[in-house]
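Note that the protein sequences, when read in sequence, are chains A and B.
In our numbering, each residue carries its 1-based index in the first sequence increased by 431.
In our numbering, each residue carries its 1-based index in the second sequence increased by 1.
These are calculated hints, taken from the structure and not from any lab test.
The reader is advised that the hints may include incorrect statements.
[Claimed, not checked] With a cut-off of at most 20 Å between alpha-carbon atoms, the simulated PhoX-like pairs for lysine-lysine come out as follows:
1) A:Lys497 to A:Lys486
2) B:Lys99 to A:Lys486
3) B:Lys111 to B:Lys52
4) B:Lys111 to B:Lys99
5) B:Lys99 to B:Lys71
6) A:Lys495 to B:Lys71
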Amino acid sequence: GAVVSQHPSWVICKSGTSVKIECRSLDFQATTMFWYRQFPKQSLMLMATSNEGSKATYEQGVEKDKFLINHASLTLSTLTVTSAHPEDSSFYICSARDEGRYGYTFGSGTRLTVV
Amino acid sequence: GQQLNQSPQSMFIQEGEDVSMNCTSSSIFNTWLWYKQDPGEGPVLLIALYKAGELTSNGRLTAQFGITRKDSFLNISASIPSDVGIYFCAGGTTGGFKTIFGAGTRLFVKA
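Bound conformation, chain A alone (with noise of 0.2 Å):
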């Protein structure tokens, strides 16, 4: 139990266009998504908790603008990252808390790369 799906696993863009992510939890509801950047030989740097029905919470520094969270229902939350640049590109990850359990199930990633 406790899946989380992410997709696309890989994605490479064009500098300016958008990139669109997205979080499953495919066997839970969650309320709460967290989506998280990671650079390479880097940790995971939590960039917004994703809120089912509100507006997300971001972390300092993250541009709610170029970083857009939309989690419209309760299995799905996704990530755009909009007028894409080169240093956007990264490892992105999400996560979700089943609520019978503890602990946060992670998708398996997004490599964004922007050319």
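Use these hints to put chain B onto chain A, whose structure you have.
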């Protein structure tokens, strides 16, 4: 802000050896979590600790939640090649369920 200090940064060991890594913080956490991440994948939860002093095992893995609630360690016994990966500790806070991650320990196991 809250930070976790995880050590060592990397370890090179021989198959069969035991491994120990730890995390410390100046902040108190209500839960401690240990994850393993393989290259190109998301982290996978290994052990979750819920209260101070708790000692929990999962196969060859053992983790403890420090009494002060400011530290935790993870031990791996009789390491095998598939233990290779990055191990992250994470401290959980109440209410908002935010999880703060340590910098990770890279484990290399030589057969």
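Evaluation of the provided hints:
Note on lysine 497 of chain A and lysine 486 of chain A: the hinted pairing holds, with a Cα-Cα distance of about 14 Å set against a maximum of 20 Å. For the hint pairing lysine 99 of chain B with lysine 486 of chain A, the CA-to-CA distance comes to about 16 Å; that is within 20 Å, so the pair holds. Between the alpha carbons of lysine 111 of chain B and lysine 52 of chain B the distance comes to roughly 35 Å, so the proposed pair goes past 20 Å and is violated. This hinted pair does not check out: lysine 111 of chain B and lysine 99 of chain B have alpha carbons roughly 36 Å apart, beyond 20 Å.
Only pairs whose Cα atoms come within 20 Å are accepted, and lysine 99 of chain B paired with lysine 71 of chain B is accepted, the gap being roughly 16 Å. Restraint check for lysine 495 of chain A and lysine 71 of chain B: the C-alpha separation of about 32 Å exceeds 20 Å, so the hint is violated.
Hint violations for this structure: numbers 3, 4 and 6, all remaining hints satisfied.
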